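Engineer: First to last, the sequence lines map onto chains R and X. Counting from 1, one number per residue, gives the positions in the first sequence under our numbering. Counting from 1, one number per residue, gives the positions in the second sequence under our numbering.
Worth flagging that the hints you see were computed from the coordinates, not collected in a lab. Keep in mind it's a predicted model, so treat the numbers as computed, not measured. The beta-carbon is built from N, C-alpha and C at its ideal position, and this holds for glycine as well. Wrong hints could be hidden among the right ones.
As the list claims (entries may be wrong) - Okay, the calculated bits of chain R under chain X, using three or more residues with CB under 8 Å as the criterion:
| hint | region |
| --- | --- |
| 1 | 95–108 |
| 2 | 123–137 |
| 3 | 231–243 |
| 4 | 284–293 |
Stated by the list, open to error - These stretches of chain X come out as covered by chain R in the derived footprint (C-beta under 8 Å, 3 or more residues):
| hint | region |
| --- | --- |
| 5 | 71–78 |
| 6 | 95–108 |
| 7 | 170–179 |
| 8 | 262–274 |
This is what each chain is made of:
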Amino acid sequence: MRPKLRHAAITLALIVLAMVPIWVGNTYYINVASQILLFAVFALALNVLVGYGGLVSLGHAGLFAVAGYAAALMLDAGHGHFAAILTAIVVVLAASAVFAVLALRATGIGFLMITLALGQIVWGIAYRWASLTNGDNGVNVTTRPAPFGASLASADSFYYATLVVFLLALATMAVFVRSPFGASLRGTRDQPRRMNALGYNVWLIRFLAFLLSGFWSGVAGILFIYYNQFVSPQVAALTSSAEALLMVISGGTATLLGPIVGAGIVVIMKNVVSAYIERWNLVLGVIFIAIITFMPEGLVPGSVRLWRLFRQKLWPPRSVPAPAPAGERP
Amino acid sequence: MSSWLSFWPNLVASWPTLTVNSIALGGLLFLLSAGFSLIFGLMRIPNLLHGSFFMLGAYFGVSFLAAGLNFWLAALLSGAAMAVIGGMIERFLLRRLAGQELAQVLLTLGTAFIIADLCLMVWTGDPWQPPTPAHLQGAVQVTGLFFPLFRLAIVGVAIVIAVALWLMVDWTRLGAMIRAGVDDAPIARVCGIKVSQLFTLIFALGAGLAAFAGVMGAPYLSVYPGLDFEMLPLALIVVILGGTGSLLGALVGSFLIGFLYNFGQAIFPDLAYVILFLPMLLVLVLRPQGLFGRVVT
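Could you put the whole structure together from the sequences, leaning on the hints where they help?
Structural biologist: Have a look at this one:
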């Protein structure tokens, strides 16, 4: 896209996002929009590892939940919002470091299995260690914070707070993708041995990427408990990790837009499906299988590919070689 | 959601009882994870459906028992039915994605969600606990201690199956082909071994064993929604502990976890589930290939 067009698109998107509460007006839909944004933060965080690092984690709900529980338990113990959020961030960074040290013993399928097991540990603590986490009954969060004196109690104000955090996350990701760090992470994904031979510390790059991913997952977790005002072991369940992964994969990995689109699809599907039938898991499984089988590259790159195919059929280029097929990875 | 902890014996039980219970749980875990380990070793994918096979098999068993079938017949029938289903999943779903390990794993995960929801539809959310078969009720008395007969039966069955699997893998032509496939699938193919047929066979075998274990476990674990994703991590831990593709590793890992679970449950009831993962973490740090696994170069 040309720079002018790009700027215009970004400005338009910002205006649309800022106007959502005014246009929608209905509290329920504003809350759905907040959910989409907070899960988009989570999906963007997971995408750092899945898309740019080539490390598929099935335990990220554990990090999301660790931050959520840390904040909720601090609030429950009578501490202020600032202390709760700060503690949650410290805890999630520590948890991410532990996860990373253990999971980075392996790559590929091994990484996936270890993260799955680590996520289950968090679930086990949330569910079984009742004296700490109140077990299946969960923890209530009675108040929302009021940054700079602005209360976030209403759906509108919470939407704007979530939007600000979301834009911060998106900006971080945009900078990260263009940075040398982002480039070296993609390098470790595609050619770990060559990166090693070139003098890059592959392990350290992956470790730092894990911390970045864990940090934003934690931020999403904190947003979630403030949004939901309740946290239960369900948040740490394997289903939650799978949903987050589905957001990343369905939208398209290793793109900035993909996880956001994916979060939108999954949250809307979940809300719509839950309104009519109780079979969310069934639908989740079917979408999973359909996307993996028919559009493995995700909806955003997949649609781009289909569009190019379609355009080529309609207006076949004359004596010009066909453009190279789309795709981030060989 | 009821927890299967509560069905496990009281915490004041003396250590001999705990030991028998540990061995019984170990036997059950072996039935579950032997197939998981072989599938992982051969196909290089962790089959995230394995807990679902266990749960669906247990539900089949519940229905067969409700229809008045003999307990052993119900367990065998459930195992056979699940073997057919597992074989079909491998042949018609996983085969389409041959070579794409990640896509295969995610496919098994998606299928696991579908099975979980279908089970919820058919068998509702209430837990089912079939009665212990009449001829296995009661306990045997050995030197003043009572051992429940049914748990001894589970251990017996697990030992028989372990020996049978060992004989098959180590002493038959089929076993030699499986070992070749585990060690180096491409070379095995070049030597004329139909590795993809082995995939279907092992997948069906693993599914059948998991379902059989589900029926065996049903009278005391009971069957309820969520059992699938409670058993799956256990199989995962056992295999990471023991090393992928190693039956001996699965056996040792299963009994280790069986002991850890029961004794952990008695000593630190709040943390029993978390303690289960500690040896796995230790093994990952010190010996990533597992206790009996080989280093893949």
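Engineer: Please check whether the region 170–179 of chain X has three or more residues whose CB lies within less than 8 Å of a CB on chain R.
Structural biologist: Since three or more residues must qualify, the claim that chain R covers the region 170–179 of chain X is violated, with 0 doing so at under 8 Å.
Engineer: Taking a Cβ-Cβ distance under 8 Å as contact, does the region 262–274 of chain X have three or more residues in contact with chain R?
Structural biologist: Per the Cβ count (5), the hint holds.
Engineer: Test coverage of the region 284–293 of chain R by chain X using CB-CB distances below 8 Å; three residues minimum.
Structural biologist: holds (count 8)
Engineer: Tell me whether the statement that chain X covers the region 231–243 of chain R is true, taking a Cβ distance below 8 Å and needing three residues at minimum.
Structural biologist: holds (count 4)
Engineer: Taking 8 Å as the Cβ threshold, is the statement that the region 123–137 of chain R is covered by chain X upheld or broken by the three-residue rule?
Structural biologist: holds (count 9)
Engineer: Between the region 95–108 of chain R and chain X, see if three or more residues pass the 8 Å beta-carbon test, and mark the coverage as holds or violated.
Structural biologist: holds (count 4)
Engineer: Is the coverage entry for the region 95–108 of chain X by chain R consistent with the three-residue Cβ rule at 8 Å?
Structural biologist: holds (count 9)
Engineer: Take the region 71–78 of chain X, compare each residue's beta carbon with every beta carbon of chain R, and decide whether three or more fall closer than 8 Å.
Structural biologist: It is violated, with 0 qualifying residues against the three required.
Checked against the numbered hints given earlier, the structure breaks hints 5, 7 and satisfies all the rest.
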